[in-house]
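Peer 1: Given the coordinates of chain L, assemble chain Z onto it according to the supplied hints.
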Amino acid sequence: MPEPMGFYTDTTVCIGCKACEVACKEWNQLPAREGGRVEMSGDSYDNTCTLSGTNWRHVKFIEQFSEDRSQGRWLMMSDVCKHCVRAPCLEVCPTNAIIRTEFDTVLIQSDVCNGCRLCIAACPFGVIDINPASNTAQKCTLCYDRLQAGMKPACAQACPTDSIRFGPIRELRVLAQQRVQQLHALGETRARLYGADEDILGGLNAFYLLVDEPETYGLPRKPRLPTRNLFASAALSTAGAALLGLLGLVSLRRRRVGEVAQAEARAPERFGV
Amino acid sequence: MSDTFFTSSPHWVWYIVWYFFVGGIAGCGFFIAALLHFFGRPEDRRVVQLGYYVACVGALVSGALLTLDLNRPERFWHMLVQSHTGTPMLKSWSPMSVGAWGLMLFGAFATMAALGAAAEEGRWRLKPLGWRPVGALGRGIPAAVIAGAGSLCGLFLAGYTGVLLAVTNRPLWADSQLLGALFLFSGASTAAATLILLARWRGESHPASLQWLARFDRGALGLELVTLVAFVVSLGPVARVLVGWWGLVLLVGVVGAGIVAPLVLERRPHASGHGHLAQAAALVLVGGFLLRVALILSSNEIHAVGSGVTRP
Numbered sequence: 351m352p353e354p355m356g357f358y359t360d361t362t363v364c365i366g367c368k369a370c371e372v373a374c375k376e377w378n379q380l381p382a383r384e385g386g387r388v389e390m391s392g393d394s395y396d397n398t399c400t401l402s403g404t405n406w407r408h409v410k411f412i413e414q415f416s417e418d419r420s421q422g423r424w425l426m427m428s429d430v431c432k433h434c435v436r437a438p439c440l441e442v443c444p445t446n447a448i449i450r451t452e453f454d455t456v457l458i459q460s461d462v463c464n465g466c467r468l469c470i471a472a473c474p475f476g477v478i479d480i481n482p483a484s485n486t487a488q489k490c491t492l493c494y495d496r497l498q499a500g501m502k503p504a505c506a507q508a509c510p511t512d513s514i515r516f517g518p519i520r521e522l523r524v525l526a527q528q529r530v531q532q533l534h535a536l537g538e539t540r541a542r543l544y545g546a547d548e549d550i551l552g553g554l555n556a557f558y559l560l561v562d563e564p565e566t567y568g569l570p571r572k573p574r575l576p577t578r579n580l581f582a583s584a585a586l587s588t589a590g591a592a593l594l595g596l597l598g599l600v601s602l603r604r605r606r607v608g609e610v611a612q613a614e615a616r617a618p619e620r621f622g623v
Numbered sequence: 002m003s004d005t006f007f008t009s010s011p012h013w014v015w016y017i018v019w020y021f022f023v024g025g026i027a028g029c030g031f032f033i034a035a036l037l038h039f040f041g042r043p044e045d046r047r048v049v050q051l052g053y054y055v056a057c058v059g060a061l062v063s064g065a066l067l068t069l070d071l072n073r074p075e076r077f078w079h080m081l082v083q084s085h086t087g088t089p090m091l092k093s094w095s096p097m098s099v100g101a102w103g104l105m106l107f108g109a110f111a112t113m114a115a116l117g118a119a120a121e122e123g124r125w126r127l128k129p130l131g132w133r134p135v136g137a138l139g140r141g142i143p144a145a146v147i148a149g150a151g152s153l154c155g156l157f158l159a160g161y162t163g164v165l166l167a168v169t170n171r172p173l174w175a176d177s178q179l180l181g182a183l184f185l186f187s188g189a190s191t192a193a194a195t196l197i198l199l200a201r202w203r204g205e206s207h208p209a210s211l212q213w214l215a216r217f218d219r220g221a222l223g224l225e226l227v228t229l230v231a232f233v234v235s236l237g238p239v240a241r242v243l244v245g246w247w248g249l250v251l252l253v254g255v256v257g258a259g260i261v262a263p264l265v266l267e268r269r270p271h272a273s274g275h276g277h278l279a280q281a282a283a284l285v286l287v288g289g290f291l292l293r294v295a296l297i298l299s300s301n302e303i304h305a306v307g308s309g310v311t312r313p
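Protein chains in written order, with my numbering: chain L, 351 to 623; chain Z, 2 to 313.
Bound-form chain Z, shown alone:
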């Protein structure tokens, strides 16, 4: 029996499931936008702007979810400042400590990028967006610095959540070292899917941008599938925890509906329109959410062994 089976559940439930899901979309959404900012073409700008908006809203929602999950939400600042001394609180070897700083930094970059995008777009009739410093955030060197630094923070945000789970002593989470990479790839696929859906909803994005997002999504889904299989294999005997209801969710919900079906759907030839891309994107989002539900809740169900009857 793995030593992880003697531990107690931290009762991380729905706030954390949603945080991991939204954080992955926000972080990788920024990364995709930054990629198109640097290497895309002018017609990709709509997707770039969308990516920055998604990242900004996602960062705000992530912060709120994390705070609400605390038993003492009013003490959220203890993650950043030592309450007794007033000095900065950072433990480089504690993923939660580094993650709190990472989320804050990412939120700052995502907000600046979103402001720059809004100023560039000129759609929002808000006075501050007309100010020169705000407009500068979306152009030239400031925009490049924000895109570069923000995408690094975004990739960190999408992946550290899995590392955080691995740096515990809980069953499943601490029995593999692949959760960070798995959540990162899932974050990339769900971010691309979110951008496809939003781009279609806004109806202004260039078809070539949508096609590229779909191609990127297929690649991320492939990486996710390979990593998920490697994750289950790396669990060894602990994988028996997944035999049953949670295994079914992973197999049918995540692999079947969330990875294989979108891959098939996106590759099918279609006469016109991008309806199939939207259907595939919706399935990817469902799969990405179920992945986090299954991996977090299945471990939560295992509790420390107490008293009982054994054989001599």
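So that you can see chain L by itself, here it is in the shape it has in the complex:
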């Protein structure tokens, strides 16, 4: 059994070249949007806009500038499926189309998915969407086919700055901790890891080194499993059903009492009292 594998993405060395996006599309034979005639989004250099059924990698560009634009910096981050250890999509999938592989990654089996789209609503990172070619939910497979052949995922292979590192999670965490210490020593005290420990969904098998709050990168601070609401929500519904039963019985009882009262009121008239 191979040990858990994944990505460690150091956003501080990302140069926004989008080689990861291209490599992903090429290897996985994902179509370009609108036949390649993509309009400018107006959101910095980002015209991919979002992860989707056909964009399994998405380089985000966050421009941070002061009001007078005298100070500023660029944050770039190659976003991807986080392959959560406790994956919300896998948890709720009603067809078992979403499975965990021997590499501890999360995979959608396209031949099983029926396109109910519950996984899209469950993913706390907005990763999954429908691929119009297959009409099923799709996302990064962490290049499962390449992994089985002992190869690196296409995006990590293509990344020219090693912003995207691939390997055993245990080794990647050590690397990431060393990099955070290095950045702290250089004065970048905002450097932190996101998803490297078990605090977020049991750990993310695609975790990040960030230099700002997670929300700045469009990442939720403390994503949770959708089933957190299951017990309370179901219990309140059950209580509601009991209330409806009570309402029905009380209203039927009141009808009977009212009719008896009416009959009694009419009785004296009938007997000429």
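If you're looking for bench data, these hints aren't it; they were derived computationally from the structure. There may be inaccurate statements among the hints.
Straight-line C-alpha distance at most 35 Å; calculated DSBU-like pairs for lysine-lysine [stated by the list, open to error]:
#: 1; chain 1: Z; residue 1: Lys92; chain 2: L; residue 2: Lys375
#: 2; chain 1: L; residue 1: Lys572; chain 2: L; residue 2: Lys502
#: 3; chain 1: Z; residue 1: Lys92; chain 2: L; residue 2: Lys368
Chain Z regions said to be covered by chain L (calculated; three or more residues, Cβ under 8 Å) [as the list claims (entries may be wrong)]:
#: 4; region: 9-15
#: 5; region: 217-230
Non-contacting residues of chain L with respect to chain Z, defined by C-beta distances greater than 12 Å in every case (computed) [as the list claims (entries may be wrong)]:
#: 6; residue: Phe475
#: 7; residue: Asp479
#: 8; residue: Gly568
#: 9; residue: Ala582
#: 10; residue: Leu594
Just so you know, even glycine gets a beta-carbon here, dropped at the ideal spot from N, CA and C.
Peer 2: Relative to the frame of chain L, chain Z by itself:
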């Protein structure tokens, strides 16, 4: 900012809105019919039969709507059977998985109840309705078992839709735990309203049955109003999503036209007839539909944050 704002929309739109509306009416329509079956009087039988018919048609329509909403409708059976192994597919912690089984079971009970009702009524001149086993579905112990089990499935069907929305990570839906109860009460009020309208249209129901339906409807509307207010309060800061067009739909369409107006209309003294009940029932249906439209579509409009310009 709530963590639910970083997610993507599942694009559940009109099929799902209609399914939640019809499913609520079907499930609670069966429940009301079963209540009158057990505790009503002989003159309530017409409403009981109507309730079973509504449940049966509603279950069929619900199944069709759910299937049509799938991106791969031909794979609807993957909800019930694992396509790779052929073994039953059930995840007790996934509301959609349990809901698929619940809808199937409810459909079975609703169909049996409707067949029994049709045999009892004797209106439909169809040969199978004259068969003894079919006739037995509407009498004695079989009818009681069907009514009891079917009403439990019906209440489940009306409420699980809200639980399903809560067991996601989407804004509004996952930010409160009251959607299941809210949809259940709304299902009860819209089911009672549907039965009032159909009973009046058929013109055979006893006035006392109609009056009871109206009384039950008022109670369900009261519960719905209280739960809706509690739902909005429980959202906390997320409730700001409802400031604007969708808030207006909830306030004017759902609370004003769909709850308060029918309550006022049903309580007004009327010299004769039940025209006011029909008007109130129609408004309840409009309100129940708008409730689902507002709560489903307002969340759908919120998308994950991508790139952009921020302050350092």
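Peer 1: Hints first: check each against the structure and report whether it holds.
Peer 2: Against the structure, the hints come out as follows:
1. Lys92(Z) to Lys375(L): 34 Å, holds
2. Lys572(L) to Lys502(L): Holds: Lys572(L) and Lys502(L) sit about 30 Å apart, inside 35 Å.
3. Lys92(Z) to Lys368(L): Outside the cut-off at roughly 39 Å; violated.
4. 9-15: Result for this restraint: holds, n = 5.
5. 217-230: Three-residue rule met by the region 217-230 of chain Z, so holds; n is 5.
6. Phe475: 6 Å, violated
7. Asp479: 6 Å, violated
8. Gly568: 4 Å, violated
9. Ala582: 4 Å, violated
10. Leu594: Given that some Cβ of chain Z is not farther than 12 Å from that of Leu594(L), nearest at about 5 Å, it is violated.
Going down the numbered hints, you'll see the structure goes against 3, 6, 7, 8, 9, 10, while the others check out.
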